[in-house]
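Q: Could you build the full structure based on these sequences and the hints that come with them?
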Amino acid sequence: MELSRRVFVKGVAVAMAATAAGSLVACQDQTGSGGGGSGTGTDPGPSGGGAEAAIVKTKGVCRFCGTGCGVICEVKDGKLITVYGDPDNKSNMGLSCVKGLHLGQILYGDDRFVKPMIRDDKNTKGTPGGLREATWEEALDLVSTKLQDTWRNDKSRLAFWGSGQQPITEGYALAKFWKAGLLCNNIDPNARLCMASAVVAFMNVFQTDEPMGSYTDLDLADVFVTWGANMAEAHPVLYSRLTARKVSGPGVKHYDITTLRTSTSKTADKVLMFRPGSDLAVANAISNYLIQNNLYDKDFVEAHVQFKEGAENLGHAYEDGYDASDAGKTVNDVTGIDFARFSERMSTYTLEYASQISGVPAADIEELAKLFGDPDKKIMSLWTMGVNQHTRGTWMNHCIYNIHLLSGKISKPGSGPFSLTGQPTACGTAREVGLFAHRLPADLVVNNPQHRRYAEAIWDLPNEYLDAIEAPGKHTVRIFRDLSKGDIDFLWSCANNWAVTLPRLTRYLGKNPEYKGIIDAFIVVNEPYPTLSTQYADVVFPAAMWVEREGQYGNAERRTAVFEKAVDPPGEAMWDTWIFLQVAKRVLEGTMIGSTPAFDHLFGFVWDSATDDLIADQREVNRRLFNEYRIFSNPDLNDAAQAINKDSEGKFEALLKMENKQLAPYDEYLDNAALTWPVREVDGKWLATTWRFAEGKQSEGFDEVGIEMYGDAGKPGGVSFYKSAGKKPSAVFRPYEPPAEEPDAEYPFWFCTGRLLEHWHSGSMTRRVPNLDNALPEALLYMNADDCAALGISNGDKVKVTSRHGSFDITATTDQRVAPPAGMTFAPFFAEEALINLAVHDYYCPLSKEPDYKKTCIKIEKA
Amino acid sequence: MVISSYVIDTIPEKCEEVSSILVTYPGVELHGQEKNRLIVTIEADSVDETYVIATKMALLDGVLNNNLIYCNFEDETLCD
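These protein sequences, in sequence, are chains S and W.
Position 271, counted from 1, in the first sequence is what the working numbering calls 271; the numbers after and before it change by one each time, with no gaps.
Position 58, counted from 1, in the second sequence is what the working numbering calls 58; the numbers after and before it change by one each time, with no gaps.
Simulated from the structure, these hints should not be mistaken for lab results.
Subject to a maximum C-alpha distance of 20 Å in a straight line, what follows is the list of computed SDA-like cross-link-like pairs (lysine to any residue): (1) S/Lys266 / W/Lys14; (2) S/Lys76 / W/Asp75; (3) W/Lys56 / S/Asp815; (4) S/Lys79 / W/Ser46; (5) S/Lys253 / W/Val63; (6) S/Lys253 / W/Pro12; (7) S/Lys79 / W/Asp48; (8) W/Lys56 / S/Thr267; (9) S/Lys10 / W/Ser46; (10) W/Lys56 / S/Asn774; (11) S/Lys57 / W/Asp75; (12) W/Lys14 / S/Thr267; (13) S/Lys79 / W/Asp75; (14) W/Lys14 / S/Gly251; (15) S/Lys266 / W/Glu13; (16) S/Lys511 / S/Thr127; (17) S/Lys270 / W/Gly62; (18) S/Lys10 / W/Gly32; (19) S/Lys10 / W/Gly27; (20) S/Lys253 / W/Gly62; (21) S/Lys10 / W/Asp48; (22) S/Lys266 / W/Gly62.
Because the structure is a prediction, the values reported are computed rather than measured.
A: Written out as structure tokens, the structure is:
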């Protein structure tokens, strides 16, 4: 680099950092708890104008975790040369975590798939070899023929496994192809493994998915409670906002409720260490304390909360037939009860009883309960996989909402329950466009006739056309259990690496002689890189990744953000939307909807008949797909849909109130990275909502338009939950029920799995970056030193871990990065050579069908 | 040459100590401080080398977070 250029670049780097540091300090100052930060006022601008005009700047969004950090990409000579945090993006305000250093490098690993690949000999499955290069025509025709054959033969034997990493428009096109084109509900996302419990609880409690608050609450809260969440490693940028708030306000407290000490515990004021699964008892004890001591917000409860209890003694999904069993069929049953009955049910959960079950000192639970009972404290609860990947995950979400509803600490700046997500667009795509086996776009579900009529109106389908998909399809665990038994003939996946991330891999990967279905099934994988999953693929489609195409992510705070195409994909790699629609075109050949060919009916608006191909301009394809998708949340754009939304003919039980998720036109997002839905048009401008259901001016982030449309002003707490039935969210009593397995003489240890900072999910991207790989080259089994001593295991010894479901070899460590108490162990899941999921069970929450990755029981032997 | 910048969050009482240590790292320069946040650049030969230094900074006692702000790697050959 020329010296002058070097000086210039460094100047930009410093200005960017000063601006970011200044804006964060300023952010604290606005809350009245900071002082002095000045910032520099420097406009860092792009890498240059004039002489640097060859540099093209585009907007991106980090493609790792669910935080949704905005980044700016700079491209020179077709190559990404700079990535930096976007100071205009309100989610990260210019910050990025250290993984962001490598966002450029993930595109340039030396083993990208650059041509379609086909496997001719199924006996080579599970090995690194066996794939040969093919033309797009051959691969598309082969996949389309196999899919069409299975579809015509028996739709229950095909499945798609989607992802919370597929951009919004791509997910929308895929959902429409699968649900309206193939009339098949066997499509489910990997979000089933991380967010399903949160989703089911949101729908049960509020009848609308996703948090009411936003990341802004991190800058305002007085107390943070992390429930089973290692934010310091899994959501570093949000954790930075949390710690910034903590150090700026002397009274700000952080309570970490966890089963093992993590990097997050290190900075907490108090760590409440509980026995796995007993968090339900701890949460209930807080609710009970509020009730027993008259510390709950009576006016708020009276105005806004209804009470329920539900089916109990659910047992566990040990057998494949659990969902259809007597217990499995009733898991969603609930009954309305009065507050007295709710209080009576809760009364079992005294501090002493919860302490006895959980091991958390009663005084610590009481200390936290008192804070919830203090009307002047703003409290934010944050949780992720510890709560969701739980055999009672939906219940545990309920228990947290119960506390916030009783205390009235919800939908208020600085106060609220906040469910974090783990993937860049688990919210925007998996949840919002309806990639789940039971869903349609925008929170609609297949088994509700009003919802089907609404989707038919927008997709211009004949009346009752979607009744064919009235019954929900197979959820993720069911898909892979069925695959292993030979009950799935065609499986297609995209943007995930299921052969590493699924639980119970000994069964699913056919390592057990009775489960060889994975070998016989025809498996298609869209991937940029070779992974363990592509080793089982019959066809691999080479996919464009991240900013090699234009797309959109929706993050955990309801923020929709567009990332622009910055560079071309390598070789013949193509974007996934093109791949899906090429296959759709072939598979739907000969199928009619009314008097038009089905493909033209569903996708004609993005198809160029002159070239007989997808419209070449990606921006235009995205714009058209998004603007059709947004009709779901803007019913006034479609008269037939609006009539159903308003139930104009009185045919249904309720108003749909689809505007509660209102999205702006696509082009609004190109210039504005701050649009958290519902986005409202006020005086010709599109304005975001920072706090759903909260009274106040729309221009200040409150839900003014929503409350005016459907809610009531002047209610206690200044909120109106207008989307909930009777405008009252549900507090549902959920008891403690024991985990699916508990340690015994044969399998004496708990085994918990998760992520660590350097690697993201299965490591298919981050492990290709030499230094991330060098920084954390090996997945280790974190053990308690006393346990190691008792077993004669030294730091660095190879051990064999065995559960009832499988075994794997791994290196043991007593390193304190993750410090489990006696009887508990932890390992991250990124490493295919230490394939921990061979031993992890697939028992799931009976309501959400999300597996519990945190509580398998194991034995450990020196290898 | 890879040039990158960071905002490092420190425990307030350890801020001075942290800044005195990290300026001894090769290629590291301290450019300012906003309360408990340090503004730092790293100049190194590669992204990988940058990462080693950035990680070392993140692991220092007293550091709460090391936030990457900007990274220019135009000299690094990523496409080979």
